[in-house]
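Novice: As a plain string of letters, each chain reads:
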Amino acid sequence: MKLRRVVSDKLWTVFTVVALGLAIVPLLSILFDIASKGISVINLDFFTQLPPLANASGGGMGNAIQGTLLLVALSSAIGLPIGLFSGVYISEYGVTNRYGSAVRFLGDVLAGIPSIVTGVLAYTLIVLTFQSFSVLAGGVALGTMMIPIVSNTTAEALKSVPNSIREASIALGIRKWRTSLLIMANAKKAIATASLLAIARITGETAPLILTAGISTLWFSGFNQPVGSLTYYIYYFGTSPYQNWQNMAWGAALILIAIVLGINAAVRLITRGKKAYA
Amino acid sequence: MKRRRSGADTAFKSMTLIFASSAVVLSLIYFFELYYGSTLTLKSGISFVTGSTWDPNNQVFGVLPMLYGSLVTSAIALIIGVPISLGVAIFLSEISPQVLRSPISFVVEMLAAVPSVIYGLWGLFVLAPILRTNVYPILESRLGFLPIFQGTIYGVSVLTAGIVLAIMIIPMVASISRDALLAVPDSQREAAYALGATRSEVIRMSVLSYARSGVFASIFLGFGRAFGETMAVTMLIGNTPLISASLLSPGYSLAALVASEFTEATTQVYISALIEAGLVLLVVSFIANVVARLLIRRLIRSREAASYL
Numbered sequence: 001m002k003l004r005r006v007v008s009d010k011l012w013t014v015f016t017v018v019a020l021g022l023a024i025v026p027l028l029s030i031l032f033d034i035a036s037k038g039i040s041v042i043n044l045d046f047f048t049q050l051p052p053l054a055n056a057s058g059g060g061m062g063n064a065i066q067g068t069l070l071l072v073a074l075s076s077a078i079g080l081p082i083g084l085f086s087g088v089y090i091s092e093y094g095v096t097n098r099y100g101s102a103v104r105f106l107g108d109v110l111a112g113i114p115s116i117v118t119g120v121l122a123y124t125l126i127v128l129t130f131q132s133f134s135v136l137a138g139g140v141a142l143g144t145m146m147i148p149i150v151s152n153t154t155a156e157a158l159k160s161v162p163n164s165i166r167e168a169s170i171a172l173g174i175r176k177w178r179t180s181l182l183i184m185a186n187a188k189k190a191i192a193t194a195s196l197l198a199i200a201r202i203t204g205e206t207a208p209l210i211l212t213a214g215i216s217t218l219w220f221s222g223f224n225q226p227v228g229s230l231t232y233y234i235y236y237f238g239t240s241p242y243q244n245w246q247n248m249a250w251g252a253a254l255i256l257i258a259i260v261l262g263i264n265a266a267v268r269l270i271t272r273g274k275k276a277y278a
Numbered sequence: 279m280k281r282r283r284s285g286a287d288t289a290f291k292s293m294t295l296i297f298a299s300s301a302v303v304l305s306l307i308y309f310f311e312l313y314y315g316s317t318l319t320l321k322s323g324i325s326f327v328t329g330s331t332w333d334p335n336n337q338v339f340g341v342l343p344m345l346y347g348s349l350v351t352s353a354i355a356l357i358i359g360v361p362i363s364l365g366v367a368i369f370l371s372e373i374s375p376q377v378l379r380s381p382i383s384f385v386v387e388m389l390a391a392v393p394s395v396i397y398g399l400w401g402l403f404v405l406a407p408i409l410r411t412n413v414y415p416i417l418e419s420r421l422g423f424l425p426i427f428q429g430t431i432y433g434v435s436v437l438t439a440g441i442v443l444a445i446m447i448i449p450m451v452a453s454i455s456r457d458a459l460l461a462v463p464d465s466q467r468e469a470a471y472a473l474g475a476t477r478s479e480v481i482r483m484s485v486l487s488y489a490r491s492g493v494f495a496s497i498f499l500g501f502g503r504a505f506g507e508t509m510a511v512t513m514l515i516g517n518t519p520l521i522s523a524s525l526l527s528p529g530y531s532l533a534a535l536v537a538s539e540f541t542e543a544t545t546q547v548y549i550s551a552l553i554e555a556g557l558v559l560l561v562v563s564f565i566a567n568v569v570a571r572l573l574i575r576r577l578i579r580s581r582e583a584a585s586y587l
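If you read the protein sequences in the order shown, they are chains C and P. In terms of our numbering, the first sequence has 44 at position 44, counting the first letter as 1, and numbering is strictly consecutive. In terms of our numbering, the second sequence has 425 at position 147, counting the first letter as 1, and numbering is strictly consecutive.
Rather than coming from a laboratory, the hints here were simulated on the basis of the structure. Owing to the predicted nature of the structure, the values given are computational and were not obtained by experimental measurement. The beta-carbon is built from N, C-alpha and C at its ideal position, and this holds for glycine as well. Check the hints yourself; a few may be wrong.
[Said to hold, decoys possible] Derived DSS-like pairs (lysine-lysine); straight-line CA-CA distance at most 25 Å:
(1) C:37 - C:2
(2) P:291 - C:176
(3) C:188 - P:291
(4) C:189 - P:291
[Claimed, not checked] Just the calculated beta-carbon pair ranges, DEER-fashion:
(5) C:218 - P:408: 50 to 58 Å
(6) P:285 - C:188: 25 to 33 Å
(7) C:49 - P:579: 53 to 61 Å
(8) C:132 - P:306: 25 to 33 Å
(9) C:48 - P:542: 45 to 53 Å
Hey, can you work out the whole structure from these sequences and the hints?
Specialist: See below:
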């Protein structure tokens with residue numbers, strides 16, 4: 001074999017290994033920088049106190065943590081049920097008809113709509129109507145983003161349940177809707193996984209919140225009022241010129257990435273190597 | 279025998295049908311709301327996207343600089359990100375030893391899960407200073423004869439935003455390309471090996487060409503992601519509505535415009551202009567995603583067809 005071909009072959013291998021390195025280095029750098037810069041501001045006050053004034057000492061991100069939890073809870077209450085039953089339709093009723101496949105297709109497309117656009121939508125629907133940034137608007141925006149994600153992953157999970165179970169159930173005279181519930185029960189781990197990943201994804205969203213939930217330096221005071229969130233504060237404090245605010249942003253980033261990567265890592269490690277429907 | 283129908287059956291099916299229809303309803307609401315929300319500026323027509331002056335105080339709204347910034351940062355992201363993603367995908371599907379595949383896929387998934395505001399924070403405080411002091415001066419001194427590498431170096435710039443976007447799209451492009459490569463039947467590889475091809479020749483001749491529609495789909499999805507990506511770009515591009523030949527100059531993007539000016543927009547016509555910017559984002563990303571999904575659909579069909587062979 002000619003030397004040129006051997007060298008070219010080796011170069012390709014080298015190229016892919018270098019590409020892999022280039023892809024992984026940023027993750028390591030991000031994790032290292034967040035851990036080293038964020039850890040210094042994490043203490044009990046960080047979880048219980050309100051954000052400090054510029055150039056002041058102390059303070060915490062208590063209201064932002066509270067706000068993020070509230071927004072995630074509200075958006076899950078909206079997005080999870082709608083997404084779940086939409087997924088049931090696609091998998092259990094829509095496999096054989098055009099409408100099911102159209103819904104599936106639109107879901108994929110909607111999942112790719114930039115989150116800032118969803119923010120604009122919730123702004124026109126809710127913020128303009130009530131003339132105020134609010135928890136409600138933030139929850140609707142994030143919930144809207146969750147629907148297509150949960151719907152399509154649920155449909156995938158349900159489709160991976162073997163048809164023999166559906167046939168056995170029907171053969172026993174069990175009605176279609178009970179059969180569907182049975183299929184959901186069979187896929188409950190995969191559905192839980194998909195829901196958790198969707199929640200992790202939503203927890204890290206920032207752009208829609210700028211136009212919907214807004215920001216507040218106070219604790220939660222009602223669903224029709226603006227609320228602070230970890231992600232908005234990372235942006236707001238991170239782009240500020242004040243050292244203590246920037247430090248707070250790194251602390252908030254540490255908490256955020258611990259939640260988001262924690263959920264992701266736990267889900268992947270638990271489900272690795274297992275069949276989706278087990 | 280006809281199966282007995284029950285009220286519960288109909289009710290359950292109707293409920294799932296209504297929830298499933300949310301995808302159709304949402305698609306319509308997106309276009310409807312953003313269209314009606316921007317009535318005040320839509321009537322000025324095409325000058326919105328062809329005008330290069332953005333002056334809200336005098337009610338002059340031209341988003342050409344932002345459209346330019348969105349397109350250029352997305353192009354940089356694809357030029358840097360796609361080769362790296364393909365390298366990762368090829369490594370995972372063709373070269374990696376079996377034991378490494380799962381851990382590497384795990385790391386790539388973690389990279390995909392990092393929120394965009396964290397990429398922005400990291401880009402602003404870690405990457406931008408490195409680029410400003412160690413990389414951009416070298417680019418200027420070596421390649422400064424090119425107009426794209428001239429001018430004052432600030433750190434935040436079109437190129438910085440594009441580089442971070444590249445990092446952000448790698449996991450998505452890599453994982454979809456990897457799936458496309460893994461779907462190539464082994465008979466394709468065996469045929470090329472049987473002709474005496476080396477591994478790299480097998481990858482180029484039979485694997486990549488067979489999987490090209492999946493690879494193109496991943497590139498379209500990567501473009502859609504980069505074009506609409508908001509936080510990282512808002513924090514790194516400099517938010518200046520100028521069209522500059524140099525990639526080292528600050529710029530602006532459509533998504534950054536919407537994110538950074540909505541809170542200060544006070545007049546109705548200003549808000550309308552920002553909603554129209556959102557409409558442009560919606561239309562472009564909708565088209566990019568439809569194209570990508572059609573390509574993926576074709577890929578799945580051909581895989582199903584291949585499995586019958």
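Novice: Report the numbers of all earlier hints that the structure fails to satisfy, in ascending order.
Specialist: Per hint list: 1, 5 and 9 violated.
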